[in-house]
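Residue numbers (our numbering), protein chains in the order written: chain H, 1 to 370; chain Y, 1 to 370; chain D, 1 to 370; chain A, 1 to 370.
No lab work stands behind these hints: they were computed from the structure. Careful: at least some of the hints might be erroneous.
[Said to hold, decoys possible] Covered stretches of chain D (chain A as the covering partner; in silico rule of three or more C-beta atoms under 8 angstroms from a C-beta of chain A):
1. 27-40
2. 65-77
3. 200-210
4. 222-231
5. 244-256
6. 265-272
[As the list claims (entries may be wrong)] Every beta carbon over 10 angstroms from chain H, so not counted as near; a handful from chain A, in silico:
7. Trp15
8. Thr26
9. Phe72
10. Asp73
11. Thr77
12. Glu100
13. Ser260
14. Glu261
Note that the Cβ used here is the ideal one computed from N, Cα and C, for glycine as well.
Spelled out from the first residue to the last, the chains are:
There are 4 protein chains.
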Amino acid sequence: MSINTIGRLLKLGTWGESHGPAIGATLDGCPPGIEIKESMLQHWLDRRKPGQNKYTTQRREEDKVEILSGVFDGKTTGTPIQMLIWNKDQRSRDYTEIREKFRPGHADLTYWHKYGNRDYRGGGRSSARETAARVAAGGVARAILQDIAPSIRITGYMTQIGEMPINRKNFDDKEIEKNPFWCPDASIKEKWADYIMDIRKIGDSIGSMVEVRASGVPPGIGSPLYAKLDSELAAAMMTINAVKSVEIGDGVGVVSLKGSENSDDIRLVENGTIEFDSNHSGGILGGISTGQDVIVRIAIKPASSILIPKKSITIEGVPTEVVTKGRHDPCVGIRAVPVAEAMVALALADQLLIHRGQIGEIRDYSFTVD
Amino acid sequence: MSINTIGRLLKLGTWGESHGPAIGATLDGCPPGIEIKESMLQHWLDRRKPGQNKYTTQRREEDKVEILSGVFDGKTTGTPIQMLIWNKDQRSRDYTEIREKFRPGHADLTYWHKYGNRDYRGGGRSSARETAARVAAGGVARAILQDIAPSIRITGYMTQIGEMPINRKNFDDKEIEKNPFWCPDASIKEKWADYIMDIRKIGDSIGSMVEVRASGVPPGIGSPLYAKLDSELAAAMMTINAVKSVEIGDGVGVVSLKGSENSDDIRLVENGTIEFDSNHSGGILGGISTGQDVIVRIAIKPASSILIPKKSITIEGVPTEVVTKGRHDPCVGIRAVPVAEAMVALALADQLLIHRGQIGEIRDYSFTVD
Amino acid sequence: MSINTIGRLLKLGTWGESHGPAIGATLDGCPPGIEIKESMLQHWLDRRKPGQNKYTTQRREEDKVEILSGVFDGKTTGTPIQMLIWNKDQRSRDYTEIREKFRPGHADLTYWHKYGNRDYRGGGRSSARETAARVAAGGVARAILQDIAPSIRITGYMTQIGEMPINRKNFDDKEIEKNPFWCPDASIKEKWADYIMDIRKIGDSIGSMVEVRASGVPPGIGSPLYAKLDSELAAAMMTINAVKSVEIGDGVGVVSLKGSENSDDIRLVENGTIEFDSNHSGGILGGISTGQDVIVRIAIKPASSILIPKKSITIEGVPTEVVTKGRHDPCVGIRAVPVAEAMVALALADQLLIHRGQIGEIRDYSFTVD
Amino acid sequence: MSINTIGRLLKLGTWGESHGPAIGATLDGCPPGIEIKESMLQHWLDRRKPGQNKYTTQRREEDKVEILSGVFDGKTTGTPIQMLIWNKDQRSRDYTEIREKFRPGHADLTYWHKYGNRDYRGGGRSSARETAARVAAGGVARAILQDIAPSIRITGYMTQIGEMPINRKNFDDKEIEKNPFWCPDASIKEKWADYIMDIRKIGDSIGSMVEVRASGVPPGIGSPLYAKLDSELAAAMMTINAVKSVEIGDGVGVVSLKGSENSDDIRLVENGTIEFDSNHSGGILGGISTGQDVIVRIAIKPASSILIPKKSITIEGVPTEVVTKGRHDPCVGIRAVPVAEAMVALALADQLLIHRGQIGEIRDYSFTVD
């Protein structure tokens, strides 16, 4: 596995810098015969696209994806799919200051430490712009899932912005697409809107929590021990810019639970299907899916590009202040939702193919009750 | 990367089941010429060993590691190191009931779904017994670190049991080794002791939080984008039994922080070294180490093997109750501390070797101040 | 993929040195539910075992394999299979001279260059003893093939010793098991026997050619572009000690062929099966199996451990002569036959699992002719 | 390692089809700070480019490479380098017949077996056009070698066309670049020219032998056991279209050698350098470089696209004849020379980085002779 690829049988590699000519994704190992159109990928890219509303960065990118290989007559051929996105609105002038200063909270200093040289324009490779390539590839992963495990539904949403969590009692799937925050709780979305506008006005930014639910995942998916489904999801999530935690199911909440509370009782329903009385486990036991909803949750730090001055040094070692005047996201977690969904789709598709390889098609172990 | 190996240049593979004849670890890619003795590995294994005090399981295993290859005349040869641990106290009789029932919170059901058949004795491959092999390999990883980055110190400790967190103001490194809980806060260790005994008496178990700190990590370690240091740590941690979350630095705490609070100001100290005013980032920016302490935190669910009855079904689909009468851990997080340390050591050693391969020996970019 | 493992979904790792306590093979990614007994693996190991006749080395090893994990109640569980072989007849006294001198044609000098230190006893890791572990793993691979592609038959044999090739017109499969050389040509086996005894008497050794044929391989196996079936076979073969060439089908013979002679005409036989008029391709086109016999051929150099003095230097740089007085193989290619078979079985099983993962069960595209 | 990537630390992935919009290469793991210009890569591409003389295909492609990422201010940044080549002279009309018929000796049938559907235009992914991407990446690999092991020189040449081998006594390095066949023997190049024109006239094609020599490879390179330098080279070579054998050093010639003839005597020369009396081994012992010239030789089958009718069937299963009227190569081995060089450069660079990762900078174990 190379350092710029992720996945085992279905392998995503991305390439490109924020202000280079283009970015792209190569997806290798895709099953043949899957219908793929650029418009299908564009659908997901448009959800991540910057400049769509006042709550996200004003950088304007078309983010138009072109498929250069691996698809013929509208179907995958089993060869690598190259998805290219040209960079358009690069405005290099906004970023010249970065050349001379290390921005606190950014990767400027660490790339300099590691590589000695770096493409400083817009953060180069460390820019969240790279995530557009993931979203395109995630579109292909969804098409694969649709083909081999059509029961799977992947849904991402915000559960908290700053100190304002949603109220789980108000959770409504239909609400998620109706607001620019992927907020499933209608009662809080206005407060979030006001709060983000306040944050933007003071030139600051705010953290958030994103959750992704994969329902309909067949039981038996995941490869213990070192490719456990939860481990694969954790690795995938933690590669997304600004992510500082990954939780599965109850996550950090298990610390204060007793064993008698935490384990999910098992029962059989009338048609022979196995069900559970609760889902503390987040749909994964021993690294393998249980058939319940797979629940992954990530904390996303507030963007470090803000108008409020931060102390730093120049590349000459001279003390300085950093104020980022360019375009930024007051709550970068909003645009992370489609990215997180894409990574879940990719990890699931990869593990489904591995399962099929090692074990064969998914078996149904439901009990038939007479 | 196979499904039972982890790492890229320094690759750990483990094998073996809880009640098979033996378990073991194969470590491949180790640099030659590193001094390794079985006693060095035994030192770390003894920390994890069960049956040492009343707060952990009473299974008694010598956990004596034998090195079968890769070490000659007391030094590594650069070939695979095989570390074997015979299983001794297997007591199969305790576990016969598992054969017929799916234990809630365990991997019984999911292994059955995935593989069709399973080694049900003591959880087979899904048992935490496998983690002994990791600890042995972690001992080698520490020796590698000592050789190529001797500044690194890896320290694990408990920060919370149930609803009782430590008080960070009382944090004392010297306290950690003085109590059976790896508790760095002398003021709470007695309460923890009482609480765990209470939990044991009622036949229940409790969750906990473990933190690992790696200090002295040179800046520049980690391989963006898909082998970021935080992603590698997240994957490694999430493969440990019972882990339900991984946090880096402030972790879930970043959700309620503003950008102006969260990013760590950079400054130069007199000798030309770069320092930071805070460490919200947990020592990692853009997937690369900053030179600050690397902080990883994991939530560990309460053990599911308890004396309190849980509802389940048999492998015939008949409703039943499960009570685990065997030996168990009231707070399994205690024994997870040495395992978590081992996984951090392995991930760091792997990334250091990758760095050396791609870029060469660690460079010092400190500024010289006249 | 680590440097001591081979394979992608079905991954073999070996460990151990010639004169360490043991050697072993770890096979990861095996499908569950496959019947495996130690006696099945022993069957193949006994074919490779030294000391069986006067044509091979007199080192006596029981080569008794023990399965330590991954098999339960006689069936694979889908977890790593550890196969351990204790070293018994180590006779370290034979090899003390190696410590001080670099043996020409051996890996002594290159290991010293690479690692600085080395386990010099019997060649350490570079000894052909390691191939016993491959043969054990090959036994599991054969059982996997029997389960998922039972039409496959893998047969290895010698086609040339020194300047004495077999006559292809006399080729008789039934002859192969009847002589200690795996010779398929009854008319030459006596000459080989005499020749090898002559070589042994003068303390020299001789090269040989081994061919492996896999018949019944379903069409469609192999993963273009960089895991082509021929590339996978070439890599696997070239890891065997003393192998200096790998040919597929006509191999080096294609150099003097015209395109009109070399390509195999395609035709349909009555039952709708696709057949070919010849098999210059060795059963592989574009890296994918055609359904014809897969033919792999390897040249094996004469063993370098001989009684005839060779010039070298000591580890102090002093000119010296090397005479290897220990036990050796006059024609080491004889014992390479079971090893080559094992590597073909492993490569095919791996590619069959990958095929199933990416594409699903093997499809039958035969034409039905009314 | 994905099925369309090769390498371990330095990983090449290629993508694209013969008649899609573009092909490309992604090179990941490149050290930072290496000078790379498009013109450097173009230099090597121009050597492979079709349509340059009457001995190769008349397809005209500019084969102009564009670097889209990973290089900034003329130097590598350590991030993935994307090299894109647009397809220009695609002439789809030449290839419509392929849609309905399986061409003997081509991958048409096997891709159909494997994938069910295929991009039939010009062979799609199985076309030798893909090798242009390898040559571009090979240019970067050469720059890496120049940086970390500047002693290395990689030289490819033809040693045989049809039944006409070169005479090794006439071998002259300076001759290689002076003729369109990379022929090192001035006495035979005219005969080759005539012979190829004859072959072209009768609409046939002819096989050939290509050898690559890497001189100046430091001793100690290669990763036993399953990433031996010879195994890595064998795998890399066998992925090149039309290659049917790989030999190291004496290759198939070792079959008729005795041990006393085959092993290369070792001696010390005045300055303390270790030398050998011969190079039967091809510069590799135990999978590790000896410091001598590394010699790899490949047999390349005659192109299957010829004007002479071959028997086949249609995709409906109807018997038919195939005559390929498009442009073709009478001796495709000519254009394979730059491709083989590129693959050797990539394999060596990868193993050098792995060596540095596991062991550190190359050590000099020469003896100092007073």
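Hint by hint, here is what the structure shows:
no., hint, result
1, 27-40, "violated (count 0)"
2, 65-77, "violated (count 0)"
3, 200-210, "holds (count 6)"
4, 222-231, "holds (count 9)"
5, 244-256, "holds (count 13)"
6, 265-272, "holds (count 5)"
7, Trp15, "4 angstroms, violated"
8, Thr26, "6 angstroms, violated"
9, Phe72, "4 angstroms, violated"
10, Asp73, "7 angstroms, violated"
11, Thr77, "5 angstroms, violated"
12, Glu100, "15 angstroms, holds"
13, Ser260, "45 angstroms, holds"
14, Glu261, "43 angstroms, holds"
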